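Novice: Sequence:
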Amino acid sequence: MNIFRARLDCAALPSYMNDVQEVVRAFSPYIAVDSDAEEYISVAADMLAGGAMRVRIASSRAPVSEEICPAPNKSELENKRVFKSFVKRKLYSYCNRITGIRLPYGSLTGVRPTAVYYRAIGSCSNVIDYLVSEYDVEPFRARLIADVVEGQAPVYNRSGEGADVFVNIPICPSRCRYCSFISTEYSRVKKLVPAYVDAVAEELEAIADVVSKEKLRVRSVYFGGGTPTALSAEDLARLAALANYGGEFTVEAGRPDSVTDEKLAALAGGGVTRISVNPQTLHDRTLDAIGRKHTTAQFYEAYRLARKYGFDINTDLIAGLEGETFDDFRESLDGVIGLSPENITVHSLSIKRGAALMEEGVKKSMDGSVRKMTDYAIGALESAGYIPYYMYRQKNTADGLENVGYCKPGKQCIYNVDYMEETNTVLSAGAGAVTKYVYPGEGRIERKSNAKGFEEYLRRAGKLS
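For the sequence shown, the positions run 111 to 575 when this note's numbering is used.
Keep in mind that the hints were calculated from the coordinates and are not lab data. Treat the numbers as computed from the prediction; the structure is a model and nothing was measured. There's no promise every hint is true.
What the hints assert, rightly or not - Below are the DSS-like pairs computed for lysine-lysine, each with C-alpha atoms no more than 25 Å apart in a straight line:
no., residue 1, residue 2
1, K546, K300
2, K462, K301
3, K573, K301
4, K505, K518
Unchecked claim - Just the calculated beta-carbon pair ranges, DEER-fashion:
no., residue 1, residue 2, range
5, E565, D146, 32 to 38 Å
6, G220, E344, 40 to 46 Å
7, I211, G356, 25 to 31 Å
8, K403, D477, 29 to 35 Å
9, D144, E344, 48 to 54 Å
Backbone N, C-alpha and C define an ideal beta-carbon position, used for all residues, glycine too.
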């Protein structure tokens, strides 16, 4: 592999373009950004008379590229969006020329590829062609984006009315090597868990007051983490009772080793309608390697118990886990499809900052092997009657791919769509939880974050001296 190690200079870009550098970083490991490197890539932009923008890209590996983006003559916000998109497209083309590598999503960066699709509706006759021509998105991935938009249409909240409630339980039985969430192992905070439950309960009571006073319609409730089912059945029942608004209610029971009949009974009694039971893979050797302290047999047992209580079930799988071949992934996916859960989410492995994998120096795969897995998943799930209905992308993901949630028709998770598309307010409780006030008419979002650290959250809640 021919690696171009270069320092990246974006200082001559306006501040609203601070994420332009992600285009270059997406080409890792072919382009390795290193502030001490002798070689360089520089990107600059300056305004011209009449409102046009000149973009200049230079490096020690290719001739200088200088192009002009005509004045958009739109609102200030839309002008910035047009200029930034232009710079990203030109920088992507430049990096493609240096490396010979094409990325499945072209110059698109950011978490939500669907946002670009939604913005383009009404302004061009064929949005798929627009994604291909304007952003260099591969046609297959452009079609996937379109299919996701179509799949989420039945629950997409166009009015922006209502709210969702999110509760973060950042506790797990053990820490997975790929995980970067701010969560802690149960054994480390066992003595503090009662105080944590008390603090979250108080927040949920405050949220209920807001919902009542503002006459909000709660579209969905979601308990995430971490692993909420690391809590006791008693604690789960208490929190569920405070968060039950009579509609969609999801709890992540992602770790099969945290699932018991007693806990599932408590959730069912508390109004929970949907849970996640996540194998990630159906191969015990991989589960052991990635730090998940459960077996495939435990997953099947947890799934069986969840079925007994009538929950809609989601299962997560990860494409690209260390040591796994295409056949390994195919066997896991086919095995999960055979169980016929209402939802299946396929993640592409991301090497995240703060995860053990990154600390160990593991690099993301860019050899096409993970793309083969996800392409198989798209076809296999479609053949089994599932539709894609929400998606998001993360930095440093294998083959530059995506995470996609699939469901049986009519089984879309409202919370997943609302949260990823940022269509309405999310009221949140727990350590690290972020409340988002969405003002669709004004095109803005305000965020209010709780303390991230477990103990700091308790300290601020007055539960820890």
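Novice: Now, for every hint given, state plainly whether the structure supports it.
Specialist: Taking the hints in turn, this is what the structure says about them:
Pair hint K546 plus K300 does not hold up; C-alpha atoms about 30 Å apart against a cutoff of 25 Å. For the given pair, K462 sits about 29 Å from K301 by alpha-carbon distance, which is inconsistent with the 25 Å threshold. At most 25 Å may separate the alpha-carbon atoms for a hinted pair to count; K573 and K301 meet this at roughly 12 Å. At most 25 Å may separate the alpha-carbon atoms for a hinted pair to count; K505 and K518 exceed this at roughly 28 Å.
Between E565 and D146 the beta carbon distance is about 37 Å. The supplied range of 32 to 38 Å therefore holds. Restraint check, G220 to E344: a C-beta distance of roughly 41 Å satisfies the suggested window 40 to 46 Å. The supplied range of 25 to 31 Å is broken by I211 and G356, whose beta-carbon atoms lie about 50 Å from each other. For the hinted restraint 29 to 35 Å between K403 and D477, the CB-CB distance of approximately 30 Å keeps it satisfied.
The supplied range of 48 to 54 Å is met by D144 and E344, whose beta-carbon atoms lie about 52 Å from each other.
In this structure, the earlier hints numbered 1, 2, 4 and 7 are contradicted, and the remaining ones agree with it.
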